[in-house]
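Each chain, written out:
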Amino acid sequence: MKEFENINTALPYAEDKVYVEALVERCRTAAKAHAPRRSFLPWSMGIAASVAIAAVALGLLRREPESPMDSFLSGISDDEAAMIAYVQIEDIPEFYYDNL
Amino acid sequence: MYVRPGKMIDAKEIVDIAASRYGEALYWHIRRIVVSREDAEDAMQETFLKIFTKAHTLSDGEGSLRPWLYRIATNEALMVLRRRTRLFESIDSLSDELCDMLSGESAPDADKTSVLFQKATLRLPGSQRLAFYLRYYDNLPYSEIAKITGKSEATLRTNYHYAVESIKKYLKDSTI
Numbered sequence: 001m002k003e004f005e006n007i008n009t010a011l012p013y014a015e016d017k018v019y020v021e022a023l024v025e026r027c028r029t030a031a032k033a034h035a036p037r038r039s040f041l042p043w044s045m046g047i048a049a050s051v052a053i054a055a056v057a058l059g060l061l062r063r064e065p066e067s068p069m070d071s072f073l074s075g076i077s078d079d080e081a082a083m084i085a086y087v088q089i090e091d092i093p094e095f096y097y098d099n100l
Numbered sequence: 001m002y003v004r005p006g007k008m009i010d011a012k013e014i015v016d017i018a019a020s021r022y023g024e025a026l027y028w029h030i031r032r033i034v035v036s037r038e039d040a041e042d043a044m045q046e047t048f049l050k051i052f053t054k055a056h057t058l059s060d061g062e063g064s065l066r067p068w069l070y071r072i073a074t075n076e077a078l079m080v081l082r083r084r085t086r087l088f089e090s091i092d093s094l095s096d097e098l099c100d101m102l103s104g105e106s107a108p109d110a111d112k113t114s115v116l117f118q119k120a121t122l123r124l125p126g127s128q129r130l131a132f133y134l135r136y137y138d139n140l141p142y143s144e145i146a147k148i149t150g151k152s153e154a155t156l157r158t159n160y161h162y163a164v165e166s167i168k169k170y171l172k173d174s175t176i
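In order, the protein sequence lines correspond to chains A and B.
So the first sequence is numbered by our numbering: it starts at 1 and just counts up by one.
So the second sequence is numbered by our numbering: it starts at 1 and just counts up by one.
Mixed in with the good hints there might be a few duds.
Unchecked claim - Simulated crosslink set (SDA-like; lysine to any residue; CA at most 25 Å straight-line):
| # | chain 1 | residue 1 | chain 2 | residue 2 |
| --- | --- | --- | --- | --- |
| 1 | A | Lys32 | B | Thr113 |
| 2 | B | Lys168 | A | Thr9 |
| 3 | B | Lys119 | A | Ala33 |
| 4 | B | Lys12 | B | Ser64 |
| 5 | B | Lys169 | B | Asp96 |
| 6 | B | Lys168 | B | Asp138 |
| 7 | B | Lys12 | A | Glu21 |
| 8 | A | Lys17 | B | Lys172 |
| 9 | B | Lys119 | A | Asn6 |
| 10 | B | Lys119 | A | Glu15 |
| 11 | B | Lys147 | A | Val24 |
| 12 | B | Lys54 | A | Val24 |
| 13 | A | Lys17 | B | Arg83 |
| 14 | B | Lys168 | A | Asn6 |
| 15 | A | Lys32 | B | Arg37 |
| 16 | B | Lys169 | B | Thr155 |
| 17 | B | Lys12 | A | Arg28 |
| 18 | A | Lys32 | B | Asn75 |
| 19 | B | Lys112 | A | Ala14 |
| 20 | A | Lys32 | B | Lys119 |
| 21 | A | Lys17 | B | Glu13 |
| 22 | A | Lys32 | B | Lys169 |
| 23 | B | Lys54 | A | Glu3 |
| 24 | B | Lys172 | A | Ile7 |
| 25 | B | Lys54 | A | Val20 |
| 26 | B | Lys151 | B | Lys172 |
| 27 | B | Lys112 | A | Ala52 |
| 28 | A | Lys17 | B | Arg37 |
| 29 | B | Lys172 | A | Lys32 |
| 30 | B | Lys54 | B | Tyr162 |
| 31 | B | Lys12 | A | Ala33 |
| 32 | B | Lys12 | A | Val18 |
In short, the hints are calculated from the structure, not lab data.
All of these numbers come straight from a predicted model, not from anything done at the bench.
All chains should be modelled from the sequences, with the hints used to inform the complete structure.
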């Protein structure tokens, strides 16, 4: 075109003819097989999300209901839990029996 | 079924013709619009899939094939750009992003003038850019560009004229 004859108007990309020909060939094959190549990321993320949702749902279904004690003890350490149990057993007030 | 004088050809054959005769040109047309190589590959895949699945909509006659192919390729390229925009944002608003992308996608030893020229085209409004690409690079007649874009030939001539003037001004301003 005469408008820009003194300027380099070519695209500044590095692709060569071999790359473009190979791409066109891939597109031709995929179209005729009616199985377009999809980007890996979207469908792999979809599968990962489905697996995660299924795992969470399964975990919730299989989980046994928590007792009030389990719920309480979950917030304290093992040592504290042992101490509570010890106190509960040992500290039955003798005066209780004495006063019967 | 696409009809060539004396012969009927099916979708697979149309895909073959598209690939062998116009494959490279369609790739570069798409690449000019989307800039990114990865996006161009995706748009090419979708273009060929559309060619295959929509072959039955192709009207009769040899002359209608090329604009039909370019129309599909253009639509797929614009779909890629559309996905990059935010809600209610026009594709024209992507100019800055496309120019940045161009710098990243360019070959390390690319001619600076060539990069500057492409940036000038990316600054054009969409209708001017499309008319310029199809006329300047693909050397298509206005009658075919009209079939691709759905615009009148007179409008396309005006778009092309303004595109050339804008590019010249951009290049002049950039080299000062």
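Going through the hints against the structure:
1. A:Lys32 x B:Thr113: Not satisfied, since the Cα-Cα distance of roughly 40 Å exceeds 25 Å.
2. B:Lys168 x A:Thr9: OK: lysine 168 of chain B and threonine 9 of chain A at ~12 Å, within 25 Å.
3. B:Lys119 x A:Ala33: Cα-Cα ~38 Å, so violated.
4. B:Lys12 x B:Ser64: holds, 17 Å
5. B:Lys169 x B:Asp96: Given that 25 Å is the threshold and the Cα spacing comes to 18 Å, the pair holds.
6. B:Lys168 x B:Asp138: With a Cα-Cα distance of about 20 Å, the restraint between lysine 168 of chain B and aspartate 138 of chain B holds, given a limit of 25 Å.
7. B:Lys12 x A:Glu21: holds, 18 Å
8. A:Lys17 x B:Lys172: Distance of about 32 Å is beyond 25 Å: violated.
9. B:Lys119 x A:Asn6: At roughly 17 Å apart (the allowed maximum being 25 Å), asparagine 6 of chain A and lysine 119 of chain B satisfy the hint.
10. B:Lys119 x A:Glu15: holds, 19 Å
11. B:Lys147 x A:Val24: Answer holds: lysine 147 of chain B to valine 24 of chain A is near 24 Å, not above 25 Å.
12. B:Lys54 x A:Val24: OK: lysine 54 of chain B and valine 24 of chain A at ~18 Å, within 25 Å.
13. A:Lys17 x B:Arg83: Roughly 28 Å between the alpha carbons, so the hint for lysine 17 of chain A and arginine 83 of chain B is violated.
14. B:Lys168 x A:Asn6: holds, 12 Å
15. A:Lys32 x B:Arg37: Holds, at roughly 23 Å.
16. B:Lys169 x B:Thr155: holds, 21 Å
17. B:Lys12 x A:Arg28: holds, 9 Å
18. A:Lys32 x B:Asn75: Satisfied, since the Cα-Cα distance of roughly 20 Å is no more than 25 Å.
19. B:Lys112 x A:Ala14: Cα-Cα ~14 Å, so holds.
20. A:Lys32 x B:Lys119: violated, 36 Å
21. A:Lys17 x B:Glu13: holds, 23 Å
22. A:Lys32 x B:Lys169: violated, 46 Å
23. B:Lys54 x A:Glu3: violated, 37 Å
24. B:Lys172 x A:Ile7: holds, 12 Å
25. B:Lys54 x A:Val20: holds, 24 Å
26. B:Lys151 x B:Lys172: Violated - the C-alpha atoms of lysine 172 of chain B and lysine 151 of chain B are around 30 Å apart, more than 25 Å.
27. B:Lys112 x A:Ala52: violated, 49 Å
28. A:Lys17 x B:Arg37: Distance ~14 Å between lysine 17 of chain A and arginine 37 of chain B Cα, so the pair holds.
29. B:Lys172 x A:Lys32: With a Cα-Cα distance of about 48 Å, the restraint between lysine 172 of chain B and lysine 32 of chain A is violated, given a limit of 25 Å.
30. B:Lys54 x B:Tyr162: Status violated; Cα separation ~34 Å.
31. B:Lys12 x A:Ala33: holds, 9 Å
32. B:Lys12 x A:Val18: Given that 25 Å is the threshold and the Cα spacing comes to 23 Å, the pair holds.
In summary, the numbered hints that this structure violates are 1, 3, 8, 13, 20, 22, 23, 26, 27, 29, 30.
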